[in-house]
Amino acid sequence: GDSVTQMEGPVTLSEEACLTINCTYTATGYPSLFWYVQYPGEGLQLLLKATKADDKGSNKGFEATYRKETTSFHLEKGSVQVSDSAVYFCALLFGGYQKVTFGIGTKLQVIP
Amino acid sequence: GAVVSQHPSRVICKSGTSVKIECRSLDFQATTMFWYRQFPKQSLMLMATSNEGSKATYEQGVEKDKFLINHASLTLSTLTVTSAHPEDSSFYICSARDPNRGLGNQPQHFGDGTRLSIL
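Which chain is which? The protein sequence lines are H and B, in order. Each residue of the first sequence is one higher than the one before, starting from 1 at the first, in the working numbering. Each residue of the second sequence is one higher than the one before, starting from 1 at the first, in the working numbering.
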């Protein structure tokens, strides 16, 4: 079945450090890929998405590129802020289906 | 603003109590809503798909009689945890898809979740 593998956290970074959270997927076909963010005590918010190979999703300084050859969708940010502290979920969805498959989530802690 | 409202945000109850959680779509009609459960340090696990006007579809391993789902209108789905016990303590999140948007744009809108604690 479909699955999403992402690095386990927590990831602790100093403010203004570079961030990479790895995400790879296993699926038959070409799903749409997403990153969701969950701030403490809140629900999930869509951070960015990519719907086909080589697409780059970006939002709030975060980026991720849909790499078909490596089945990856790594999340990156050049300079993190304390306000970026949250749990980040990689997810996939096939068009025509409504079930979203989530990764385990990676907790990011940014310290001043 | 929020397009999916979930209520309550936090519940603390005694063991044996039944707890109802509501999920409402605010700006659109949702024929399908989803209920997830999130264990500490784990991902969201889909529990069931709630279908308006028909029975919910439960994922393997989810007890239908334990987690009752009712989707009585196009904007409201409810999850009732019956005779809750401490092991039911978890974070429950609902979501809904806006049928007027493509799947690739915003697959699902999520509620803010309900933190359920059973003493």
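For the record, the hints were derived by calculation from the structure and aren't laboratory data. Among the clues, some could well be false.
Over 10 Å on every C-beta distance to chain B, these chain H residues come out as not near it, computed from the model [stated by the list, open to error]:
(1) 45
(2) 62
(3) 72
(4) 78
(5) 85
(6) 108
(7) 111
(8) 112
Pair ranges (Cβ atoms, derived) [as the list claims (entries may be wrong)]:
(9) B:20 to H:20: 38 to 46 Å
(10) B:53 to H:56: 39 to 47 Å
(11) H:54 to B:15: 47 to 55 Å
(12) H:15 to B:53: 32 to 40 Å
(13) H:39 to B:12: 31 to 39 Å
(14) H:56 to B:12: 15 to 23 Å
(15) H:68 to B:86: 38 to 46 Å
(16) H:40 to B:7: 31 to 39 Å
(17) H:61 to B:9: 27 to 35 Å
(18) H:20 to B:45: 40 to 48 Å
(19) H:1 to B:68: 41 to 49 Å
(20) B:42 to H:68: 25 to 33 Å
(21) B:20 to H:40: 23 to 31 Å
(22) B:27 to H:26: 30 to 38 Å
Don't be surprised by glycine CBs; every beta carbon is placed ideally from N, CA and C.
Residue 78 of chain H and chain B, when compared Cβ to Cβ, separated by more than 10 Å: 26 Å, holds
Supplied distance hint 27 to 35 Å, evaluated on CB atoms of residue 61 of chain H and residue 9 of chain B: 29 Å, holds
Satisfaction of the hinted span 39 to 47 Å by the C-beta atoms belonging to residue 53 of chain B and residue 56 of chain H: 40 Å, holds
Verdict for residue 42 of chain B, residue 68 of chain H (Cβ pair) under range 25 to 33 Å: 28 Å, holds
38 to 46 Å as the expected CB spacing between residue 20 of chain H and residue 20 of chain B, which holds or is violated: Check passed, 42 Å falls within 38 to 46 Å.
Verdict for residue 27 of chain B, residue 26 of chain H (Cβ pair) under range 30 to 38 Å: 34 Å, holds
Cβ separation of residue 54 of chain H and residue 15 of chain B, checked against the hinted range 47 to 55 Å: Holds - the Cβ-Cβ distance for residue 54 of chain H and residue 15 of chain B, about 53 Å, lies within 47 to 55 Å.
Supplied distance hint 41 to 49 Å, evaluated on CB atoms of residue 1 of chain H and residue 68 of chain B: Check failed, 27 Å falls outside 41 to 49 Å.
Residue 7 of chain B and residue 40 of chain H - C-beta distance against the hinted 31 to 39 Å: 19 Å, violated
40 to 48 Å as the expected CB spacing between residue 45 of chain B and residue 20 of chain H, which holds or is violated: 26 Å, violated
Status of residue 85 of chain H, Cβ more than 10 Å from any chain B Cβ: Per Cβ check, residue 85 of chain H is outside 10 Å of chain B; nearest 16 Å; holds.
Non-interface label on residue 111 of chain H, tested against every C-beta of chain B at 10 Å: For residue 111 of chain H, whose nearest Cβ neighbour in chain B is about 20 Å away, the distance exceeds 10 Å, so it holds.
The earlier numbered hints that this structure contradicts are 1, 12, 13, 14, 16, 18 and 19.
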